[in-house]
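Undergrad: Residue-level listing of the chains:
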Amino acid sequence: MTRELLEGSAAIAAAAITAGCRFFAGYPMSPFTGLLESMSRELPAVGGVCVNAESEIEGANMVLGAAAAGTRSATGSCGQGIALMQETIAEAALNETPFVVFNMARNQQDYFQCTRGGGWGDYRTITLAPKDVTEAVEHTQLLFHLAELHRAPVILYGDPLIAQTRISVTVAPRDYGPLPARDWVLDGTGGGTGRSRQVWTWAMGKATDPGPGPDRHWRAVADKFDAIAGVEARFEQAYVDDAETVVVAFGTAALFVEYVVEELRAEGHRIGWFRPVSLWPFPGEALAAATTGARRVLVFELNAGQMLDDVRIHAADRSVVRFIGGVSIAESGLAYGDLMDAPVIRDRILAALTGGVPA
Amino acid sequence: MTREQIIIDTSGPPAGPARKVADPKPSLLLGEHSLCPGCGEPVALRLLLEVLQELDIVQRTIGVVGHGCYGSFVRIMDVDVLQCLHGRAPSCATGIKRVRPECAVFTMQGDGDMANEGLQEVLHAAARGERITCVLLNNGVFGDTGGQLTATTVLGQRTKTSLAGREAETHGYPIPVADLVASLQGTAYVARGTVSTAGGVAQTRRMLRKAFEAQLAGAGFSLVEILTMCPTGWFVPTAEGPGYLGGSLEQTYPLGELVT
Numbered sequence: 001m002t003r004e005l006l007e008g009s010a011a012i013a014a015a016a017i018t019a020g021c022r023f024f025a026g027y028p029m030s031p032f033t034g035l036l037e038s039m040s041r042e043l044p045a046v047g048g049v050c051v052n053a054e055s056e057i058e059g060a061n062m063v064l065g066a067a068a069a070g071t072r073s074a075t076g077s078c079g080q081g082i083a084l085m086q087e088t089i090a091e092a093a094l095n096e097t098p099f100v101v102f103n104m105a106r107n108q109q110d111y112f113q114c115t116r117g118g119g120w121g122d123y124r125t126i127t128l129a130p131k132d133v134t135e136a137v138e139h140t141q142l143l144f145h146l147a148e149l150h151r152a153p154v155i156l157y158g159d160p161l162i163a164q165t166r167i168s169v170t171v172a173p174r175d176y177g178p179l180p181a182r183d184w185v186l187d188g189t190g191g192g193t194g195r196s197r198q199v200w201t202w203a204m205g206k207a208t209d210p211g212p213g214p215d216r217h218w219r220a221v222a223d224k225f226d227a228i229a230g231v232e233a234r235f236e237q238a239y240v241d242d243a244e245t246v247v248v249a250f251g252t253a254a255l256f257v258e259y260v261v262e263e264l265r266a267e268g269h270r271i272g273w274f275r276p277v278s279l280w281p282f283p284g285e286a287l288a289a290a291t292t293g294a295r296r297v298l299v300f301e302l303n304a305g306q307m308l309d310d311v312r313i314h315a316a317d318r319s320v321v322r323f324i325g326g327v328s329i330a331e332s333g334l335a336y337g338d339l340m341d342a343p344v345i346r347d348r349i350l351a352a353l354t355g356g357v358p359a
Numbered sequence: 001m002t003r004e005q006i007i008i009d010t011s012g013p014p015a016g017p018a019r020k021v022a023d024p025k026p027s028l029l030l031g032e033h034s035l036c037p038g039c040g041e042p043v044a045l046r047l048l049l050e051v052l053q054e055l056d057i058v059q060r061t062i063g064v065v066g067h068g069c070y071g072s073f074v075r076i077m078d079v080d081v082l083q084c085l086h087g088r089a090p091s092c093a094t095g096i097k098r099v100r101p102e103c104a105v106f107t108m109q110g111d112g113d114m115a116n117e118g119l120q121e122v123l124h125a126a127a128r129g130e131r132i133t134c135v136l137l138n139n140g141v142f143g144d145t146g147g148q149l150t151a152t153t154v155l156g157q158r159t160k161t162s163l164a165g166r167e168a169e170t171h172g173y174p175i176p177v178a179d180l181v182a183s184l185q186g187t188a189y190v191a192r193g194t195v196s197t198a199g200g201v202a203q204t205r206r207m208l209r210k211a212f213e214a215q216l217a218g219a220g221f222s223l224v225e226i227l228t229m230c231p232t233g234w235f236v237p238t239a240e241g242p243g244y245l246g247g248s249l250e251q252t253y254p255l256g257e258l259v260t
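Those protein sequences? They're chains A and B, same order as listed. Quick note on this note's numbering: the first sequence kicks off at 1 and runs consecutively. Quick note on this note's numbering: the second sequence kicks off at 1 and runs consecutively.
No lab work stands behind these hints, which were simulated from the structure alone. One or more of the hints may lead you astray.
Far from chain A by the CB rule (all over 12 Å, computed), these chain B residues [stated by the list, open to error]: (1) HIS33; (2) ALA202; (3) ALA219; (4) GLY246; (5) PRO254; (6) GLU257.
Sample of chain A residues facing chain B (criterion: CB under 10 Å; computed from the structure) [what the hints assert, rightly or not]: (7) GLY188; (8) GLY205; (9) PRO210; (10) VAL231; (11) SER319.
We put the CB at the ideal spot given by N, CA and C, even for glycine.
Start from the sequences and build out the full structure, keeping to the hints where you can.
TA: Right, dumping it as structure tokens:
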């Protein structure tokens with residue numbers, strides 16, 4: 001594999017194809033559009049199919065069908081479009097169909113949407129939030145593995161900086177280990193044998209071979225997500241051991257926070273940073289450990305305070321949690337606004353350190 | 001093998017009424033259906049399964065079933081099935097067919113499923129010329145939820161949500177799905193049949209066969225709209241179902257082949 005200069009969307013498309021994705025369907029919506037264009041350009045060359053669907057709902061359901069038929073599949077959009085897909089994401093979580101959803105979001109206001117979902121049922125969605133294109137490539141490949149490992153739809157939470165930044169990357173195959181047998185795949189061969197298969201949210205089985213039924217099935221699905229929460233939480237942190245102040249941020253905003261904290265460390269402040277890499281499962285135990293000795297836990301995210309809830313739940317002392325982020329979106333709707341700026345983040349952190357109330 | 005001599009006693013009338021006995025249980029049915037007496041959908045299901053057997057494609061068929069009374073068929077059809085969300089079957093079937101072109105892929109949907117919630121899906125699938133076969137079981141009401149107005153309820157029909165009968169001014173006009181689909185490029189076969197009469201059943205069976213043959217030939221999208229009885233949802237006596245269908249739905253939705 002050679003290094004290539006690619007836009008983030010194209011790099012993610014290359015990563016998806018390298019991970020075995022052979023079906024993609026989506027509806028154009030910026031900044032997701034570049035990924036759809038890349039997939040439509042690249043997938044046919046490897047024998048795959050990309051459909052420019054007529055709506056997000058149709059795209060998501062095409063992907064549900066292709067995935068139920070055993071093909072690694074993906075779709076995507078951003079906030080408003082993902083909202084239309086929630087019905088399908090919930091259905092897939094409950095009928096245990098694996099696929100990847102790329103939320104190339106316009107901002108960080110999709111946190112609740114990704115981590116709480118909008119569908120019905122006792123389901124969650126594994127959501128990874130890369131901080132840059134290189135990590136997005138890695139996450140994309142990991143997510144196809146996790147989707148199949150846990151038989152569930154999963155989300156990559158990107159943003160305009162990841163979708164539209166052009167960088168030099170290498171996309172190489174990665175081996176994440178063995179996967180369970182795909183004995184659930186609908187291949188059409190079961191007909192007339194008495195052993196035909198079904199993919200069904202209610203899991204009531206065939207008349208001759210009753211399934212668990214909705215009660216036991218849904219309890220099992222809920223238990224599965226509990227188990228996932230115990231093993232798939234991912235995070236990064238620095239300087240938390242002696243930190244009086246820990247700043248928590250996710251996605252590309254975390255990259256800016258990391259830079260500012262490095263600056264402040266160099267200036268003698270006892271400050272560290274903590275980044276949830278998986279937004280669900282939220283790395284709560286790690287955050288509790290990282291904030292045990294902290295006098296302040298500052299949450300910087302570009303929304304009105306959504307991850308703030310999770311930080312408050314898990315911080316060692318919730319009374320020291322302060323929100324220093326805010327809604328920040330450019331008028332175009334396709335870029336972050338003024339708050340996504342290292343000097344601004346620095347000012348907000350310093351104001352909190354000196355007891356000032358952030359604007 | 002000894003050939004037995006068959007003696008037919010013609011000295012008097014037969015002991016019981018003369019009748020042709022069909023196999024009561026096609027081999028693709030795994031159990032009894034649970035739908036109401038007089039319902040037309042089990043007849044349509046049987047025709048569909050028989051056609052799959054006739055064409056010898058049972059072991060390369062994947063069905064996609066939406067939401068409605070027929071959802072219970074998932075348990076008794078001995079074919080691979082994805083039970084999907086209300087209205088979305090043509091999109092799911094599209095995904096399946098695109099990654100498994102060797103399979104015969106069909107959807108089974110009611111009028112509430114296809115004409116209300118999922119009209120966009122079926123129209124776009126047809127326009128894309130997807131090589132799938134969609135079966136619309138049209139009884140003009142939401143049967144599963146107890147007889148409410150759907151997009152195909154005919155003018156004047158009384159339902160739980162149009163107690164005085166469907167009026168165009170209040171409820172709009174009924175949607176002829178087969179005609180809409182037939183107007184699109186990308187279709188290879190579109191027809192409308194019924195299961196309210198013996199002749200209609202035989203004709204519908206031929207339509208289903210042609211629809212699957214079109215798919216197998218790679219000719220394009222195929223759809224069979226089947227008018228079915230719902231005496232429970234129509235609030236008419238069971239035995240009057242076929243007659244009611246003939247006098248109402250069949251008047252609004254003419255039978256026949258629209259695209260061949």
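Undergrad: Hint by hint, note whether the structure agrees.
TA: Quick rundown of the hints versus the structure:
Listed as a non-interface residue, HIS33 of chain B fails to keep its Cβ farther than 12 Å from every Cβ of chain A; the least gap is roughly 10 Å. Separation of ALA202 of chain B from chain A is adequate, the least Cβ-Cβ distance of about 24 Å exceeding the 12 Å criterion. Consistency note on ALA219 of chain B: stated as away from chain A, and its beta-carbon is indeed over 12 Å from all of that chain's, at 19 Å minimum. Once the 12 Å rule is applied to beta carbons, GLY246 of chain B is consistent with being away from chain A; the minimum gap is 33 Å.
Every C-beta of chain A lies more than 12 Å from that of PRO254 of chain B, the closest at about 29 Å, which supports listing it as non-interface. In this structure GLU257 of chain B is separated from chain A by more than 12 Å, as the shortest Cβ-Cβ distance comes to about 27 Å. Given hint, GLY188 of chain A at the interface with chain B, holds; its Cβ is 4 Å from that chain's nearest Cβ, closer than 10 Å. For GLY205 of chain A, the interface hint holds, the least distance from its beta-carbon to any beta-carbon of chain B being 7 Å, beneath 10 Å.
With 10 Å as the threshold, the beta carbon of PRO210 of chain A comes within range of chain B, its nearest partner Cβ sitting at about 8 Å, so the hint holds. Because the beta carbon of VAL231 of chain A sits about 29 Å from the nearest beta carbon in chain B, more than 10 Å, this interface hint is broken. Checking SER319 of chain A against chain B by beta carbon gives a least distance of about 44 Å; that is not within 10 Å, so the hint is violated.
In the structure shown, a violation is registered for the earlier hints numbered 1, 10 and 11, in ascending order.
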